[in-house]
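Undergrad: Listed here are the chains, written in short residue letters.
There are 2 protein chains.
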Amino acid sequence: MIKDIENKIHTQIPMTRLMQLELKSIDNTRLITTAPLHINVNDKGTAFGGSLSSITIISSWCIAYYLSKKLNLEDSNIVIVKNETKFLRPVTKDIICTTYIPKDEDIKILKSKLEIKNSGTIKINAQVIENKEICVDFRGTYYIKKV
Amino acid sequence: MIKDIENKIHTQIPMTRLMQLELKSIDNTRLITTAPLHINVNDKGTAFGGSLSSITIISSWCIAYYLSKKLNLEDSNIVIVKNETKFLRPVTKDIICTTYIPKDEDIKILKSKLEIKNSGTIKINAQVIENKEICVDFRGTYYIKKV
Numbered sequence: 000m001i002k003d004i005e006n007k008i009h010t011q012i013p014m015t016r017l018m019q020l021e022l023k024s025i026d027n028t029r030l031i032t033t034a035p036l037h038i039n040v041n042d043k044g045t046a047f048g049g050s051l052s053s054i055t056i057i058s059s060w061c062i063a064y065y066l067s068k069k070l071n072l073e074d075s076n077i078v079i080v081k082n083e084t085k086f087l088r089p090v091t092k093d094i095i096c097t098t099y100i101p102k103d104e105d106i107k108i109l110k111s112k113l114e115i116k117n118s119g120t121i122k123i124n125a126q127v128i129e130n131k132e133i134c135v136d137f138r139g140t141y142y143i144k145k146v
Numbered sequence: 000m001i002k003d004i005e006n007k008i009h010t011q012i013p014m015t016r017l018m019q020l021e022l023k024s025i026d027n028t029r030l031i032t033t034a035p036l037h038i039n040v041n042d043k044g045t046a047f048g049g050s051l052s053s054i055t056i057i058s059s060w061c062i063a064y065y066l067s068k069k070l071n072l073e074d075s076n077i078v079i080v081k082n083e084t085k086f087l088r089p090v091t092k093d094i095i096c097t098t099y100i101p102k103d104e105d106i107k108i109l110k111s112k113l114e115i116k117n118s119g120t121i122k123i124n125a126q127v128i129e130n131k132e133i134c135v136d137f138r139g140t141y142y143i144k145k146v
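Protein chains in written order, with numbering that gives the first Met the number 0: chain A, 0 to 146; chain B, 0 to 146.
No lab work stands behind these hints: they were computed from the structure.
Think of the CB as a built atom: it goes at the ideal place given N, C-alpha and C, for glycine as much as any other residue.
Be careful, since some hints might not be right.
Incomplete in silico selection of chain A near chain B, CB under 10 angstroms [to be verified]:
1. 49
2. 76
3. 79
So here's chain A without its partners, still in its complex pose (with noise of 0.2 angstroms):
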């Protein structure tokens, strides 16, 4: 599953592929992705806040699309509505990005806004943690459409 994801995002958003994201494991709580630091590096020789707000908003939006198959949508649209960030530290090594999957409760009322008006909205939370740290903090919001 998370490597049909990854294909398709390679396939069709080629900052993905140039940022060289790669989604590397899924369970029932999380999705953990990676992007080296030596092409997501900044002035400073950290990484580039830009590349750690994509790695958040992708990864976020890839649960939003696994969620979306979750509960049958053969075909969806969906975008970022709006997202807050805060950079506490800086990243120092190669990212690595933890995405939260909602609470089952958070998934069920999408899942009756999906059924009702045919579209709902989802908040997902992605952390870049480092020595067990959180350097990111993304809190996003996600609008899925069936089509």
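Please arrange chain B on chain A, whose structure you already have, making use of the hints.
TA: Relative to chain A, chain B alone:
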């Protein structure tokens, strides 16, 4: 001046070169930056949220860097602290980002903070506008430290 900044970021931040970011013009009120749609496209044929986020983040960083030079800081460390971004409409053409120079009052406050404690924060607003409508509205906070 802006070609020096463009050269600096293209050299030190590879993703800005890969996304084909260009610094087009600057005046007393705003910086204009661009990036072509074809390389920054998403699965829907519109601009990728990660690219929109990257262009607003780096353009605002450029304003902070520009201000640091205007305030005669020979060397400085400038990082993004946090941001809020609203994605109001899809961007369907090459990305044109307008980043606003903060108000004189805010620059004066930054100047006095830098004099008193060698560091300060400043809020910067960037927008992607297409057909006279705001598609992306970014508000970021940057931290500038004399080194």
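Undergrad: With reference to the structure, classify each hint as holding or not holding.
TA: Now for the hints, and whether the structure bears them out:
1. 49: With Cβ-Cβ at 3 angstroms, under 10 angstroms, it holds.
2. 76: holds, 7 angstroms
3. 79: holds, 4 angstroms
Hint compliance for this structure: every hint is met.
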